[in-house]
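First to last, the sequence lines map onto chains S and U.
Residue numbering for the first sequence follows the working numbering, starting at 1 and increasing by one per position.
Residue numbering for the second sequence follows the working numbering, starting at 1001 and increasing by one per position.
Keep in mind the hints are simulated off the structure, nothing from the lab.
Keep in mind it's a predicted model, so treat the numbers as computed, not measured.
Among these hints, one or two may not hold up.
Chain S side only, calculated, beta carbon under 8 angstroms to chain U, not exhaustive [claimed, not checked]:
{"no.": "1", "residue": "A64"}
{"no.": "2", "residue": "I70"}
{"no.": "3", "residue": "G107"}
{"no.": "4", "residue": "A109"}
{"no.": "5", "residue": "G110"}
{"no.": "6", "residue": "A201"}
{"no.": "7", "residue": "V214"}
{"no.": "8", "residue": "V232"}
{"no.": "9", "residue": "E265"}
{"no.": "10", "residue": "L266"}
{"no.": "11", "residue": "P358"}
{"no.": "12", "residue": "L397"}
{"no.": "13", "residue": "G399"}
Where a beta carbon is used, it is the ideal one built from N, C-alpha and C, also for glycine.
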Amino acid sequence: MPISTDPCGDSEPRREKIGIWLSLCAALIWPLQAAIIAWVLANLLTGEAAISAPLAAGGFMALAVLRAGIEAASQRFLSDSAEARVAALRAEILTVETRAATASQIGGAGALAALASEKLEALRPYMLRYRPARLRSTVMPLLLLAIAAWYSWAVALVFLLAGPLIPVFMALVGWAAKSASEKQMVEIGQLSDLLVDRLAALSDLRLIGAGAPVIDGFADASESLRVRTMAVLRIAFLSSTVLELFSALGVAMVAIWVGFTLLGELSWGAWGAQLTPFAGIYMLLLAPEFFQPLRDLAAAWHDKAAADAVLDEMDQWRDDERAARLGQGDRVAALATLPTVRLRDVCLHRGTRQICYPDIDIAPGDSLAITGPSGCGKTTLLRLLAGLEVPENGAVLLGDAPLSDDNADAWRAGIGWMPQAPHFLSRSLRHNIGFGAPLRPDLLQKAQLPGVIDALPKGDLTILGERGAGLSGGEARRVTLARALHRGPGILLADEPTADLDAQTADAIIDGLLEYAAAGGTLVVATHDPRLMEKAGKVLKLAAEEGAA
Amino acid sequence: MKPLLNIVLLLLRGERRALLRGLALSITVLIMGVSLLGLSGWFITAAAAAGLAGIGVLFNVFAPSAMVRFLALGRTAARYGERLLTHDATLRVLSRLRIRMLQGYLVSPYRQLERLRANSFLNRVTADIDALDGVLLRLVLPGLAGVMVIFVTAIALWFLVDPTIALLVGLGYLVGPTLIFLIGQHIARPPSRQAEAAMQASRSRLIDLIAGREDLAVYGQLQATRDHVQSAQARHGAARQQLDRIERRTGVGLDLIGAGVTALALGQGIALVQAGTISAAQSAIGVFAALALAEAVAPVRRALSEIGRMIQAARHVLPALSGAEAEPDAEQTATARVSTLLLFDLTYRPGQGDRALFEPVTLSVGPGETVALTGPSGIGKSTVLLLAAGALSPSSGGVNWGGRDLQGYTPEALQQSVAMVPQRHALIAGTVAENLRLAAPEASDDDLWQALETTCLAATIRAKGGLEAKLGFRGAGLSGGEARRLVLARAVLRRPGLLLLDEPTEGLDDATAKQVMTGIRAALPEASILMAAHRPVEIEGADRSIALRGINS
């Protein structure tokens, strides 16, 4: 059952379009402002028309206000649409990851969380800057070229020559930058993986005096990253330098040509009649604006590259065919009476191996130990019973009804679950046991937890490390037992509850489990532990793997 | 704001010369930009005036036109140099900062270090430090350069054009953007803090959802966790939009200041020309300089959008750095190579409970002696070892090594003769040799092989490809028992006088366990060995065993 998500609403592209066109409108106002300045300065020279200082300055300012207003509106539309887009992508990741029964190919929880949080932020600058810059850079240079050509073919020629060369150089430099920055991205990724690895071991490495070598290793990696980053920056700066060079030379050439023509030293380049002072000053004011949109585009090029990389990763993530888990994982009322669970002709694949189970009936109040060599499918059986795994053949029945989307949540509401390697939420220990429900001292006592809680710096409000850092293996096991007991009576599925524990702790855990069974709970344990098998009502021995299918 | 200032001083201290040169170049770039536009404006207007008057032939065209070309090329070159210089210096300073941060963490208390979530610390070392790169590149340097250039331009306008225009342009550009910056950073701080906090929350909540989704599904908590993530994402979106709004408004403010100053320069220019005080060409200089200075204040907008994040990063980073600088009170005394470990009336009260973990324990471990500590798990065996290693401080009683209390040694001195192997296998990605040399960087290959022999691992490692065999993250590729023996071999390489072992043979079969314990003793005949043990094979191999007793049970 592949997971589908709704495509996002269509108002977002429209808002973006409005924003982009408004940004062009704002840019179109500058030629008018420049005309005012050129007209004022030209008339100050010639004295042809009377100029009112307040009127000229006021007109210039009024246009500036208009321009700033349009620009702000454009930014607002773009920002809203960027926010909507980012939010939609985040919601998509969240929806799919909530439903998915299997891990994504692009990485674990950390990688996906990084994609959904920091990495998607890269779309904002792309949508705010790159898209509008692209439209401006296709329209504005052509418009300014036309204005320039109206007054002088020489200035138009300068624009025409310098303008198109810029994208050519940009493409060349951008191409070099891309490969350099890809190398750098790889290095950054490796550096953080290495760091996480070393940091996780830092407290223990310090105990054998290995702190200093770890820091030295990190210093080397950090230095090599700096060198690599500088290599990327050097190319990036070179590309913007090329742009600035062309733009500066273009402006200088226009200035010099206009100056010489106005002096009368040059008589070519204008259309027939002499170049007017207005036209000359106007050209000079327009020249930098001819190059500006191209420079904006180049500055935003990096934003585009970053956004492309993120969108690629999103696509890669979407390409996975992910199976959905049974049920919503929501809190619902438990089934009125606990049914007998039956396995009928259940077979499934683990990699290339096929595992088939005998038909099993587990009635309320049973206590069953599942044993067998490692790899025979003990854990998978528990997962089948919890509806975390769906059989390829046969069925898991609750009474007579197959375990399905409709009854999975209600069935699970009666399950206490003790996995071998629990993930502790980065919330208080209290929340990790009761999920918001108040803790019951009698159940904590059964799991022998009060002593453990007292030893933590903030008691049951202590926030644990991902793997339960701050707790020993046995203590973490007792936390998962307490969590399962808080579920109330029903069925308890425990995966190797006594593995890696010393005899005393293991006994305590076994006592806790047996008390649960004695109180009428159904107990299913996957275990190697003879003591546990001895005390269970029934023992199911699974055969070793059945050859490759 | 204060943490930010401290960080600025810290950053400046590192690369002062490179940064000063970078600053000089930034100023050059801006001045050349203003001059280019001002000069071009003057040149054209003056040329037009001369042309109109018919005295074009007398006008010296070559100096200004050469000047225009020089400024155009010089500005571009200066810009390139400035960028390379400042970025390189900044990267160097930040790299050093990262290392100091790591050193700071290394001297922090053991319990704190143990609880540290590698991912969140990494975030601090990378994201926070990256946020600080803007402090110099986008805040301090452009700020200083901008102020300087506005001053220089105002002075130039005073002499070349007219004092009133100089004052209009100078004051307009200094006062307006400064006000916008001060007000803007004040308003932007709360949403910026909220955005950052919400981002961290949504990140760690999503990690919980994905990593724990099966447990959460069984416990019916999946949808609640999903809502929890969603609420953090929504908070982030709201804060982000508020930041965008502030940025937009400051942008409008800056645009209007630039336009306003230009309009004033234009109006005043018209009035002065009409009054005959200055020429049209001089008024052009004023207008063009006013237009060009917009470039000098443009960085304010970017700086404002980042300053909230920078202040927070500075707050996170500074305390981590202070640890690296604090000098321990204890004197640097070399510890004895061989001695007796004495624990007397030692207890430890962890956390908020004022109940001690175990009854006061007194014991001694002489050179060449092996003592086993027994007791149920959770009673505090590992804690006693950590106390003996000096990683924790006792609540009462004391630990004595080499004839003096552990408090009298610096951590470095203590590590020279004390080594502890905790329960977790502290292995890292890299070769077997790299993992071993973490403890003894100078060790030769022969030493490494010898240590591996001691813990019965040499044959296994040879089969895996020798010392250069690669291990995955957290030592993946070795079984639990192999990893165990590798960390024991590593401890042996340090040749400690006091060896503290926490359940050293966990995951080994009895025969191998016995061999390993004998091997370690043979390799370190004079060492005092204290181990937390629960397997008979460990307890039987010890000279004595001491049971740790819980309080009230």
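Hint by hint, here is what the structure shows:
1. A64: holds (3 angstroms)
2. I70: violated (10 angstroms)
3. G107: violated (10 angstroms)
4. A109: With a minimum Cβ separation of about 4 angstroms from chain U (threshold 8 angstroms), the hint on A109 (chain S) holds.
5. G110: holds (6 angstroms)
6. A201: holds (4 angstroms)
7. V214: Since the shortest Cβ distance to chain U is 7 angstroms, the answer is holds.
8. V232: violated (10 angstroms)
9. E265: holds (7 angstroms)
10. L266: With a minimum Cβ separation of about 10 angstroms from chain U (threshold 8 angstroms), the hint on L266 (chain S) is violated.
11. P358: Since the shortest Cβ distance to chain U is 24 angstroms, the answer is violated.
12. L397: violated (19 angstroms)
13. G399: With a closest approach of 20 angstroms, the G399 (chain S) hint is violated.
Taken one by one, the earlier hints fail for this structure at numbers 2, 3, 8, 10, 11, 12 and 13, listed in ascending order.
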